[in-house]
Amino acid sequence: SQKIEQNSEALNIQEGKTATLTCNYTNYSPAYLQWYRQDPGRGPVFLLLIRENEKEKRKERLKVTFDTTLKQSLFHITASQPADSATYLCAPDSGGYQKVTFGTGTKLQVIP
Amino acid sequence: EPEVTQTPSHQVTQMGQEVILRCVPISNHLYFYWYRQILGQKVEFLVSFYNNEISEKSEIFDDQFSVERPDGSNFTLKIRSTKLEDSAMYFCASSARQGAGGTEAFFGQGTRLTVV
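Those sequence lines, one after another, are chains P and F. Under my numbering, the residue at position 11 of the first sequence is numbered 11, and the numbers go up by one with no gaps. Under my numbering, the residue at position 97 of the second sequence is numbered 97, and the numbers go up by one with no gaps.
Worth flagging that the hints you see were computed from the coordinates, not collected in a lab. The hints are all genuine.
In silico lysine-lysine, DSS-like type, Cα no more than 25 Å apart, as pairs:
#	chain 1	residue 1	chain 2	residue 2
1	F	Lys57	P	Lys3
2	F	Lys42	P	Lys71
3	P	Lys59	P	Lys107
4	F	Lys42	P	Lys63
In isolation and in its complexed conformation, chain P is listed as follows:
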């Protein structure tokens, strides 16, 4: 069955550094992959979508890569700020279905 893996351990980094979060998926080949941010007690908020024919996508301080050979996406936040502290959710597409299927998320803590 389809499986989405994100590092369940929290990631602590110093303000100003680049945070890199990993999403691995197995047993399928998504046509696209989305990243969302979730703050405590709030709904997920869409950040970026990258398609299988795109190697990299950027939005301001965010960068996402999509390696279909490794079955992995990396999510980078450059010049991280304490306000970037949140849980980041990876969501590969569900093989033609409408739903967004999330990984477990990685909690990022940016330390001032």
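We have chain P already, so just place chain F on it with the hints.
Then chain F, alone, in the frame of chain P:
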């Protein structure tokens, strides 16, 4: 900016009672979803709804659950006879389209359901 709104923000109910969670999706969206998140766990898909019918549902969405779009704006989730394990945050979401190109989903702020 358009947003998905959910009411109530917090609902406390007795075990065995029926609850209805309400959502107003973004007005020109065509696809509607319900998700739930048990405290400390991942966001789980429950059901998707398109063209006035369920298009997909998960194993969690059993006969105790139902969804409805009673008019042009509201989208509801009903739990017929609540159980303690239904306690969770329930998120409604909507999206404009679906397809090979992919599209983002917009989530509401959630309804925290507490079953006592």
